[in-house]
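J.: Assemble chain B onto chain A, guided by the hints.
Take a look at the letters that make up each chain.
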Amino acid sequence: MGQLGVTEGGMTGTIDIARLVDQEGGHVARRIYTDPEVFEREQESLFRRAWGFLAHESEVPGAGDYVERQLAGEPVLVIRGRDGTVRAFLNSCRHRGMRLCRADRGSASFLRCPYHGWAYSPEGDLVSVFAEELYDEAHLDKSALGLIPVTQLDSYKGFVFGCWSEETPPLPEFLGNMRFYLDILVARTPGGAEMVGPPQCWEVHTNWKFATDNFTGDNFHLYTAHGSIAELGLLPPDPMSLAFGNLVQAERGHVLHVVPGPPIPEAEYFGLPMELRPAIEETLSPQQAEIARGHSFSVGTVFPNLSFMQVMVQGDLRSPPTPFLSFRLWQPTGPTTTKVWSWLMVEKEASPEYRKATYEAYVRTFGPSGIFEQDDMENWEECTRVNKGAIAQRYNLHHGMALHLPPDTDFPGPGTAWPGSYGERTQLCFYGEWKRWLTEEEPWA
Amino acid sequence: MTQPVPVGSAGYNIVLEWLYREAALLDNMDFTAWLDLMAPEIVYEMPTRQSVYQKDGEGYDPDFGFFAESHSSLETRVKRLQTDQAWAEQPGSRTRHLVSNLLVDRLADGSFLAATSFLVTRIRSDLPYDFFTGQRRDVLRPEGDGLLLAKRTILIDQTVLKSYNLSIFF
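Residue numbers (the working numbering), protein chains in the order written: chain A, 1 to 445; chain B, 1001 to 1170.
So that you can see chain A by itself, here it is in the shape it has in the complex (with noise of 0.2 Å):
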């Protein structure tokens, strides 16, 4: 790729993966956001291999409570069994191929399938099948007809994510010193936090790393992308003053921002409730507390498609900055398709009055709804469309800001950490490991 990133190479036949994103220039080449081949080699290499976000346990709290969610585009069921243990199988009869469990979510003491009636415990054992005396023991074997069980199954503080390969090292490994980070917004009080109400869930025509690159730490965006906000005075006046803070590198993939906000006791800890920050100082390690102490804003990507946002905003002209969290799953659907599923999460402790404001704070300000965000999906569909062009695709897109900055030392987390929230380090970092799990046998190497 040149200095003005003009993508080389036929416009055909199967593409040269490596050549499409240039980390040391700053460039990305705009068929990785339309292609369908690009599509296909992501769910084979990256998708099908990767540790992938299904549900958090506060979501099947009860035996034989399950939700149905999506790992590489197949339907996934997870449930608690009556052993307390949550499980996740392919959402598929072991006999037709039928869709088990045809509900988002609910609570059953067996699966039975609607098809031909095979019934299922919720540990995923064949229990049952219609007119069992018809079969002799060579054509019917219930133990080796369980459910199809997601090849790797792990939990990270209630996260439960879920991985299609053998290879692939285990969710600790595969998350790294991401861990250092997830602590500081999930696992902060001894309770931890639970989600709150089911996922918000909506389809927007974009690629799913349009989403992924701007919850990567993308903060510069938010003057003219929410310039309303900007215009109704709910931002701060100077466009640079939200430009301090750290983009981090937490490991490979995985990375945020953490961005101060005011210099008042409000604005620490995120601007969670003051009743909660003791325990907060407690239950954190000095570092991750001080990182706590000292932000008011974090938005990060847990590679490669879970996304999150601590943040503290008005959701009216009359309230208070109020904090929210919220985790997202960008499931591709399509090449230039996303299924997007978002939730809000609350600390155990929190108050019925905070569950309220942070709520209200939320969906006031981010979902579909949201004064924020509906204007981003507005800049990812678009986005998305132009970049179909084969004129547009003949031009790079340009990530090149701050990238000479060398890394800030003095930041207390583990990771590279860079200095100020402005800047283009954490995009690259996301597509330089998108390149490695599309181009290499072991990415993870």
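Just so you know, these hints were derived from the structure itself, not from any lab.
Accuracy of the hints is not assured; some may be wrong.
Calculated pairs, DSS-like style, for lysine-lysine (alpha carbon to alpha carbon, straight line, at most 27 Å) [stated by the list, open to error]: (1) A:Lys356 <-> B:Lys1079; (2) A:Lys339 <-> B:Lys1151; (3) B:Lys1151 <-> A:Lys356.
Derived list of chain A stretches under chain B, where covered just means 3 residues or more per stretch with a C-beta under 8 Å from a C-beta of chain B [unchecked claim]: (4) 185 to 198; (5) 349 to 363.
Some but not every residue of chain B turned toward chain A, in silico, with C-beta under 10 Å [stated by the list, open to error]: (6) Met1046; (7) Thr1048; (8) Gln1050; (9) Lys1055; (10) Glu1058; (11) Ala1068; (12) Ser1073; (13) Leu1074; (14) Thr1076; (15) Asp1084; (16) Gln1085; (17) Arg1122; (18) Ser1125; (19) Thr1159; (20) Val1160; (21) Leu1161.
For glycine and all other residues, C-beta sits at the position ideal for the given N, C-alpha and C.
T.: Relative to chain A, chain B alone:
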């Protein structure tokens, strides 16, 4: 105690005309005038919905939605839409709020409970239609010689919104 208000009666027609005029204000993007129809104490909400087996109810979550609005937050939304940089509505959507199947009950305090089915269409740019269907359950209370919307619950039929945002009102 609720008292059915017969279709075609004077009370019914007052509510029907109010709903038609409200829909016209939304379709004409006259949000300032629309806001004048909202009571100061308004509760404006759209719960999320999930696909669940019938034994588990309708699948609405009363505590987690797509809208949870007060008068102040609706006013904020309106003011935002009137800035130059509300990109989701710059240029503006073309919407049609089709409101039908109206059933009206009178509440003990004199308010009207108005249940309607809606079909809201939206076109942005030259893109395909967005369709939203569902039921609205409104509480309209008398104020002066008119009515104000005191509560609106929007029960949307989609579990996954087939639309990239909700930058419009329902």
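J.: Each of the hints needs a verdict: does it hold here or not?
T.: Hint check:
| no. | hint | verdict |
| --- | --- | --- |
| 1 | A:Lys356 <-> B:Lys1079 | holds (24 Å) |
| 2 | A:Lys339 <-> B:Lys1151 | violated (31 Å) |
| 3 | B:Lys1151 <-> A:Lys356 | holds (18 Å) |
| 4 | 185 to 198 | holds (count 3) |
| 5 | 349 to 363 | holds (count 3) |
| 6 | Met1046 | holds (8 Å) |
| 7 | Thr1048 | holds (6 Å) |
| 8 | Gln1050 | holds (4 Å) |
| 9 | Lys1055 | holds (8 Å) |
| 10 | Glu1058 | violated (12 Å) |
| 11 | Ala1068 | holds (5 Å) |
| 12 | Ser1073 | holds (4 Å) |
| 13 | Leu1074 | holds (8 Å) |
| 14 | Thr1076 | holds (4 Å) |
| 15 | Asp1084 | holds (7 Å) |
| 16 | Gln1085 | holds (3 Å) |
| 17 | Arg1122 | violated (12 Å) |
| 18 | Ser1125 | holds (9 Å) |
| 19 | Thr1159 | holds (6 Å) |
| 20 | Val1160 | holds (4 Å) |
| 21 | Leu1161 | holds (4 Å) |
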